[in-house]
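Chemist: Got chain A sorted already, so can you dock chains B and C onto it with the hints?
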Amino acid sequence: MSERTTIVVQSGDMDKLYSALIIANGSLAMGMEVSLYFTFWGLERLKKGGLERGPLSRMHLLGLGKWMVRRRMKAARVASLERLMADFRELGGKVLACEMTMEIMGIKRQDLREDLIDAYGAVGSYIADARKSTVTLFI
Amino acid sequence: MSERTTIVVQSGDMDKLYSALIIANGSLAMGMEVSLYFTFWGLERLKKGGLERGPLSRMHLLGLGKWMVRRRMKAARVASLERLMADFRELGGKVLACEMTMEIMGIKRQDLREDLIDAYGAVGSYIADARKSTVTLFI
Amino acid sequence: MSERTTIVVQSGDMDKLYSALIIANGSLAMGMEVSLYFTFWGLERLKKGGLERGPLSRMHLLGLGKWMVRRRMKAARVASLERLMADFRELGGKVLACEMTMEIMGIKRQDLREDLIDAYGAVGSYIADARKSTVTLFI
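Residue numbers (my numbering), protein chains in the order written: chain A, 2 to 140; chain B, 2 to 140; chain C, 2 to 140.
Be a bit skeptical, because a hint or two may be false.
Any copy will do: because identical chains look the same in the list, a pair fits if it lies in one copy or spans two.
Stated by the list, open to error - Listed next, the in silico EDC-like pairs over lysine to aspartate or glutamate satisfying Cα-Cα at most 16 Å (straight line):
id: 1; residue 1: Lys75; residue 2: Glu104
id: 2; residue 1: Lys75; residue 2: Glu100
id: 3; residue 1: Lys95; residue 2: Glu115
id: 4; residue 1: Lys95; residue 2: Asp116
For the record, the hints were derived by calculation from the structure and aren't laboratory data.
With the rest of the complex left out, here is chain A:
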């Protein structure tokens, strides 16, 4: 039986996106299958240009400026969100976009990074993947 990690990406905070993508890519690297279901603020990040801007969240409050965070991440050889997303796709990870969020937020397909999205779906698509997953997370 193939193992799967399924993550709801609801947050748009940079630190949480990092956690989601690092866990996702780590799972792929260890031979698991992975589904990411982007909803609410997570889906906002899949808008064109959304991976590079967006709230740094509490990293900022901690007194580490954006510049400092980027510098430290570079020193620690941490890839950009854009790079992590590209790796995720190349390794065979699956990206689902939440249609209800699109309706509520007034987001159209052409507003989104369609190159990164495998399918547009509702909660049923998420549960179909989650129920056959070993690891299920809400981030």
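Modeler: Just chains B and C now, kept in the frame of chain A:
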């Protein structure tokens, strides 16, 4: 073996409550059993009148006013939290209230929507359900 | 087969740390194995002195002052985070510290409560535990 989704509802944010209830009701609709364990700010929302007021969280910060969010949700035919909770109960979902939260927050049973709650319990009740669940989330 | 609970502790908020440790200790008490993977703001809390200070988060915003929260928790006989951590370790729970966070945040081993940490690792260590877990949470 029957499958189960068990969710800790710790957040009182409207968007997170929506996520929890939509995943819960979707799981029920797909034939799974579901337990929701309400704790901290999640339990605050089960106080009388709590489902309708309460923090809109970052929806508000995004510049979408409450009125706009409600209008868009209505246009997208998204049910109210009250409606989603009623559906959850009718479909056989189980609601647990965290007793420790009640003690810390000084919440009495009569302060709560007792019509929505199946049982009052501690962490042991949660783990008993979670350990036999396919999908476990903390929201 | 032994059952396991694996939790990513990303948040440093007091209420979320309580949830993580109460679920962790409850799992141990019910005969499960438990791994806690501390990352980002969660790992900040494992710095020397970090369990006792740190953000009270929205507890504060709710108008309950720190003093009031501590008084109520004492009245409700809720143990301190320090006590819960000690119990966790005595009951055989495993604590992993995220090395990437240490690099980004500039945290050295001697800055951390090394007495509480079993191992320093990357995402692979987390996934190795999570994939054999019944309960997986991101807090």
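Chemist: Given a CA cutoff of 16 Å, do Lys75 and Glu104 count as a within-copy pair, a between-copy pair, both, or neither?
Modeler: between (37 Å within a copy, 10 Å between copies)
Chemist: Treating 16 Å as the Cα threshold, decide for Lys95 and Glu115: within, between, both or neither.
Modeler: Answer is within; shortest intra-copy Cα gap is 13 Å, inter-copy 38 Å.
Chemist: Have a look at Lys75 and Glu100 and pick one of within, between, both or neither, based on CA distance no larger than 16 Å.
Modeler: between (35 Å within a copy, 15 Å between copies)
Chemist: Quick one: Lys95 to Asp116, C-alpha cut-off 16 Å, is that within a copy, between copies, both, or neither?
Modeler: within (12 Å within a copy, 40 Å between copies)
Of the numbered hints listed earlier, not one is contradicted by the structure.
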